[in-house]
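Colleague: Sequence:
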Amino acid sequence: MTSVITLLTDYGLEDGYVAACHGVIAGIAPEARVIDVCHLIPSGDVRRGAAVLAQTIPYLPLGIHIGAVDPGAGGARRAVAVEAGGRVFIGPDNGVLSWAVHASGGAVAAYEISNSAHFLHPVSPTFHGRDVFAPVAGRLFGGLPPAALGPEVPLSRLVSLPEPTSQLREGSVEGEVVSVDRYGNTQLSIAAGDLQALGVRVGDTLGVWLGRRQLALPFRETYAAVPPGELVAFADSAGLIAIAINCGDAAQRLGLPPGAHVRLSPTP
1 MTSVITLLTD YGLEDGYVAA CHGVIAGIAP EARVIDVCHL IPSGDVRRGA AVLAQTIPYL
61 PLGIHIGAVD PGAGGARRAV AVEAGGRVFI GPDNGVLSWA VHASGGAVAA YEISNSAHFL
121 HPVSPTFHGR DVFAPVAGRL FGGLPPAALG PEVPLSRLVS LPEPTSQLRE GSVEGEVVSV
181 DRYGNTQLSI AAGDLQALGV RVGDTLGVWL GRRQLALPFR ETYAAVPPGE LVAFADSAGL
241 IAIAINCGDA AQRLGLPPGA HVRLSPTP
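Per this note's numbering, the very first residue in the sequence shown carries number 1; after that it's consecutive.
The hints are simulated quantities; they were obtained by calculation from the structure and are not laboratory data. From the three backbone atoms N, C-alpha and C, an ideal C-beta is built for every residue, glycine too. Errors might be hidden in some of the hints.
As the list claims (entries may be wrong) - What follows is a set of in silico ranges between Cβ atoms, one per label pair, in the way DEER data are often shown:
hint, residue 1, residue 2, range
1, Ser114, Asp249, 41 to 47 Å
2, Pro71, Pro145, 28 to 34 Å
3, Glu170, Gly142, 53 to 59 Å
When you get a sec, could you build the whole thing from the sequences and use the hints?
Modeller: Here is the structure:
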């Protein structure tokens, strides 16, 4: 049963863009509860938007979930509504929804959002969050079936971002930086269970390879377990390994953008 509408964007909080989306939803579905997932996704960072939505979705009620990180707005990309796990995901077909759809059990149906009868008019070519996604979410909340939005899209044609992967090798595990948060903490695709499989426990020291650089980092429960300014590795709230600096920016110090390769291993 649909109980909420959630909203994730890269609109920021300095302007009225988020309020405009709330206002459109309230005008169509005043009884809907709207949860703001995040509006501080770096501009156009589809990968970061995908990661935040996917890692938040397990804690959200079933509902309609807008992912409006849309650097292709006004271009050839299509807008889609994807049904997965009792939820409906709305946004551009650029991969921003793909990890959350996977985390919800995978898509069971998808539709191109093309029936303009359900849009706000006139439609701005650069603000589909307000004029397309928000009114469509409000109408779906009110009982409009997703099939009324437009033609069905073959699931194999949906754009999907490559899933972050990790690989256990002899004595080490390799992965990549999934995303960097506003504090500069670098989240890796390496799960805490991967380190456990290598015999690494909290309190140990990790060998960390960043390209040709090698570091030895303490593996602790939290960044606060080391003095301010010191590097640390820990299992974050998503169960993934993160590299951080207590009261600092690890991504900046280490030069670790999303997608950077990382290898971890126990130290003697």
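Colleague: List in ascending order the numbers of the hints, as given earlier, that are violated by the structure.
Modeller: Violated hints: none; all satisfied.
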